[in-house]
Amino acid sequence: EAQVTQNPRYLITVTGKKLTVTCSQNMNHEYMSWYRQDPGLGLRQIYYSMNVEVTDKGDVPEGYKVSRKEKRNFPLILESPSPNQTSLYFCASSFGGGREQYFGPGTRLTVT
Amino acid sequence: QQPVQSPQAVILREGEDAVINCSSSKALYSVHWYRQKHGEAPVFLMILLKGGEQKGHEKISASFNEKKQQSSLYLTASQLSYSGTYFCGTYTTGGFKTIFGAGTRLFVKA
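Line order of the protein sequences matches chains A and B. Residue 111 is where the first sequence ends in the numbering used here, and the numbering goes up by one at each step. Residue 111 is where the second sequence ends in the numbering used here, and the numbering goes up by one at each step.
Check each hint, because a few of them may be wrong.
Dumping the calculated BS3-like pairs for lysine-lysine here, alpha-carbon to alpha-carbon at most 30 Å [claimed, not checked]:
(1) B/69 with A/70
(2) B/98 with B/51
(3) B/27 with A/56
Label pairs and their computed distance ranges (CB to CB) [said to hold, decoys possible]:
(4) A/16 with B/55: 42 to 50 Å
(5) A/64 with B/68: 38 to 46 Å
(6) B/61 with A/78: 40 to 48 Å
(7) A/10 with B/5: 30 to 38 Å
(8) B/12 with A/39: 12 to 20 Å
(9) B/44 with A/55: 20 to 28 Å
(10) B/2 with A/104: 27 to 35 Å
(11) B/64 with A/111: 40 to 48 Å
(12) A/52 with B/41: 28 to 36 Å
(13) A/64 with B/94: 27 to 35 Å
(14) A/16 with B/15: 43 to 51 Å
The set of hints was computed from the structure by calculation and includes no laboratory data. These numbers were taken from a predicted model, which means no experiment stands behind them. Built from N, CA and C at the ideal position, the CB exists for glycine as well.
Can you make the complete structure from the sequences, with help from the hints?
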């Protein structure tokens, strides 16, 4: 089944404790992206990747890191999480920039 | 530079029609439409590309005015299952970011 998977689905952590949210797709998509969703603000892009080893900042990259060492995986790293990073995070993939995107199930992160 | 969606919310009775608009200040390469139900991930509905190509859902249609940088999503003969939040996503000419509107909440009642 074609899908985007994310782990964990739910995470509660404390300020400053490094964490990684994994994202994997099995559709051989080149473009992958991370979004955060906050009430009233819609989906805001954090980072995107056009292909392996090619990543760039979206609109809200501060406090986040990403890497793309393999085509199928695109982990999101929060090296020192803060309470303002409490949000719902989605990973998405597509065949290319500008094409329709397929979203993972989401990761609800709470930072206390 | 976030695209502006209108209306912000709409309530329909089953069988009624609705139009959701998305307007950008930048030249667009493509516009995507997604529906998100509460607690779930956004689901792709429709894509419209510069030059006229379209791909999407059978019962939902959309238009894309490239000159005005605007797109509209048309929901006809609405069903209860159409309820949710609709987002437009825009991909600008010469850029690589995807920018989403704030969403339109649609509620269909029996």
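Status of the hints after comparison with the structure:
1. B/69 with A/70: violated, 36 Å
2. B/98 with B/51: This hinted pair holds, its Cα atoms lying about 16 Å apart.
3. B/27 with A/56: OK: residue 27 of chain B and residue 56 of chain A at ~19 Å, within 30 Å.
4. A/16 with B/55: 42 to 50 Å: Roughly 46 Å apart at Cβ, these two residues keep to the hinted range, so it holds.
5. A/64 with B/68: 38 to 46 Å: Holds - the Cβ-Cβ distance for residue 64 of chain A and residue 68 of chain B, about 39 Å, lies within 38 to 46 Å.
6. B/61 with A/78: 40 to 48 Å: holds, 41 Å
7. A/10 with B/5: 30 to 38 Å: holds, 33 Å
8. B/12 with A/39: 12 to 20 Å: holds, 19 Å
9. B/44 with A/55: 20 to 28 Å: Hint holds: Cβ distance 26 Å, inside 20 to 28 Å.
10. B/2 with A/104: 27 to 35 Å: holds, 28 Å
11. B/64 with A/111: 40 to 48 Å: Since residue 64 of chain B and residue 111 of chain A have Cβ atoms about 46 Å apart, the given range 40 to 48 Å holds.
12. A/52 with B/41: 28 to 36 Å: For residue 41 of chain B against residue 52 of chain A, whose Cβ atoms are near 32 Å apart, the range 28 to 36 Å holds.
13. A/64 with B/94: 27 to 35 Å: holds, 29 Å
14. A/16 with B/15: 43 to 51 Å: holds, 49 Å
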